[in-house]
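Protein chains in written order, with my numbering: chain A, 1 to 128; chain B, 1 to 570.
A couple of the hints might just be wrong.
[Claimed, not checked] Okay, derived cross-link-like pairs now, DSS-like style, lysine-lysine, Cα gap no bigger than 30 Å in a straight line: (1) A:K98 / B:K338; (2) A:K98 / B:K241; (3) A:K42 / B:K438; (4) A:K98 / A:K116; (5) B:K36 / A:K42; (6) B:K241 / B:K309; (7) A:K116 / B:K241; (8) B:K100 / A:K83; (9) A:K9 / A:K107; (10) A:K107 / B:K100; (11) A:K107 / B:K315.
What the hints contain is simulated information worked out from the structure, not anything from laboratory work.
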Amino acid sequence: MAIWIDPEKCNGCYGALQPPCLRMCPGDLIVKDVAANKAYLKYVNDCWDCLPCVKVCPEEAIEFHLSPQFAGKGARLIPHVVKGKDLIEWESIDVFGKRETFEIRTKLIAMALDEKLEGEPQPIDFSI
Amino acid sequence: MKIERKIIDTDILIIGGGTAGCMAAVEAKERYPNLKVTILEKAHIDRSGCLAGGMNAINAYLNKGETAESFTKYVKWDACGLIREDLVSSMAELFEYCVKKVEKWGLPILCDEVGNYQARGRWNIKINGESLKPILAKAARSAGAQVYNWIVTTNLLTDHNRVIGAVGFSLRTGAFYIVHAKATIMATGGASRLYRPNNPGDAAYKTWYCPYNTGAGYAMGIRSGAEMTSFEMRYVALRTKDTIAPTGTIALGVNAPQINAKGEKFMKTRYAEMGGDHSPTPYRTYGPMQEMKEGRGPIYLDTRGLSEKQVYDLKAAYLDMYPSMVLYWTANNINPAKEPIEVQVTEPYIVGGHCQSGYWVDTNRKTTLDGLYAAGDVSGGAPYKFVSGCWSEGVIAARAAGEAIVGAGSKPTLHPLSEEQMAIEEERTYKPLLMMGKIRYPFSPAELEARLQKIMDQYAGGASTGYEMNEELLTLARERLSHLPDALSQLVASDWHQLMKAHEVIDRVDLAQVLVEHLIYRKETRWPSYQTRVDYPKRNDATWLLFVNSRRDRGSDKINMFTRPYKQSV
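Isolated chain A (complex conformation) (with noise of 0.2 Å):
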C-alpha cells in the first residue's frame, strides 16, 4: 500500500460525492465511503506512488508510505500545499526523526470540495 488515508483526520470533505482525493487519483482507486463519511483507498495493490491525492487533501489527512518491498516505516513525506502562495513546502523526516525542508514553486489550481458528475465542466462550490 503506498497511501493511506487516515480515518480520524478525513471529514469526508463534509457531503462531497467526489472529494478531491478520489477525483486526482488517476487509476481510480480511492471510494468514499458514504455512510461512514470516509474516503479510502480501495485498490491498494494498483497505487502508482503518483501523490496528487496527497497533495490535494484540504486536511492533510493522506500519508504516503513506501511498499514494504522496498523500505522500513517510520520515515515520512509530507508535502504542505501553501494556499495563496504558489508553493509547496515539503517536509521530509527520517527514520531517526531528523527533518529537512524543501520549498518549490508551482503553479496551484483552485480545486473546489466537490463536482458534479461527467459533462458538466462547472464544479460545484461546496465549500464552507
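Mind docking chain B on chain A? Use the hints.
Frame of chain A, contents of chain B only:
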C-alpha cells in the same frame, strides 16, 4: 440490465485528455472557435495519465544554438539510424511555440540570472512542473473544450475506412456514451503492464510508465484496421532501483556516470565507440544489462562526492516528479553524496513518445483511417517526443483536424449510428458485466492479465529471459497468445471499475499479438535491449533500414506485416 445512453455530437473528438490531448483541445478552440471540441478522459483530466505526478524538466527543447535539423539528426542517431525525419523535424519546429504557451499558463520554468531558461544538456530545460497536468487541464477547459471525465473509451466507430466517432462507458454512472464526430484525435498514451512487472504484489503498479495507460489507443486502431508501425521498438528503461524513477535527473543533472560493482566506468571502457555515457539511449540500457548478466552488477550512477547543495537540489528536483525517490533515500538512510545510486532495468513498455511505436501517420498526424489523427505516445515514427513533442503533435493534429472540417474541399459530416450498430457496440462494451454469474469457468481481469504478462515475460523478451528473444521463443509467444481471445470471452466484471480493468486486458491482448508479430518480423538487432534478437544479433542496415508496419484485417483479424522505406532528409 437497462443501460442509459448518452449521445454526443461534436466536431472534433479528442480521446484522452493528457499531454497531447489537452494541447490539441486548446489549439483547436483557439484556431476554430466555432467548432465544438469534446474530450473523453478515462480519469479526471486534472491529474490523469503520465503527468499526474509532475515533471522536473522539458526534455525535448532546442537550447541555444540548436535547430530542428540538429535535433532531428540527434534523434536519428539516438534511435540507431531509423526515424521518420519528417515527423521529428515538424514537431521540433513547434517546441518553442508550445513551451512558451505553457509558460504563459503559469508553468514555472527555471531561468538563469539574465532570464534565459536553465539548460540541462542539449535538449532539456528545468521546470518546477509538479502541477503541469492541472495547468494543461485548466487551459483546455478555459479554451472551451467540453470535458467528459471518467469515460473509458472502448472502440472507434467506423464507416468503411472513415472514423466517425467513438463509444465508451462512464466509470461513475455506467452510462453508454456514443460520440459522433467529424474528426477524431487519438491521444490515449502508450501501454504499460503488457509484461510481468519487475515488482510483484503491492508494488506491481510501481512502474515507470503510467500503469493506467494500457494501450487503448493502439488497440482501437488495430481493431479498426489502421496501419501501425515499429511496435518492435519497445522501451526498456534504465531507472533507479525499486522506485523506478527517471535517471536523467541524476545522469544529466549532476553528470553522474554509470559504474559497475567494481567501480568501473563500463560505458566509457566498453561502449566508447558508441559514445560512452552519452551513447544512444538503448545502449545506456543494454550496457548495464550486460554488466549484470556477466556478473558485474549491481550497477550504479556514481553520485559520490556531490556537494550538500547538489544533493539538496537533486532531492528538490525529484519532488517535482518522483517524490518516492526522496522518501526512499530517507527511509533507507541513503545519502547520494556518500554512496552511489543503484539502478535497474524496467519491464518493457510500448511508448511512441520515447520510442516510435504507434499509428503510421502523415506529417499532419493523419492516420491511414479517414477522419482519424494520432498525437503523442500513440503516434508512431517520431521518438524523443517526451512532453513537448506530444504537445507539438497535439497542435499539428488539431490544426489538420480543424482544417479538414472548415477548410476547402469536401467537408466531413456526422454519421449517426443506426440502432443496430449501437446495440452491437453496447453489447461489446458491457459483455464482461453481462456475463457475470452466467459462466461456469469465468476469468477475472486480474487472472487474464497475469496470463498475458507471463506469456510476454517468458516468450517475448521480458525480464525473465534477460529481455532477449529468438524466433522459437517468439513463435511460442504467438501460439500462447492465440488462445487468449477465446479466454477473453470468459472474462467477467463485477462493477464499473472491474469493467475498465476488463477492457484494459482486452486492449492489451490485441496489442500484444501485433507486437509479437513485429518482433518476429524484424530479423536483426537494431535497438539492443529494446529488441535484442539473439538469433540476429547485428544491426543490418542493408536489409532492415526500414519501417516494419502492420495492419489487422477487419474481417479475418489476420495481422498483415509489410515494410515502408526510410527516407533521409537530414
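Just pull the numbers of the violated hints for me, sorted ascending.
Result: hints 4, 5 and 7 break, sorted rising.
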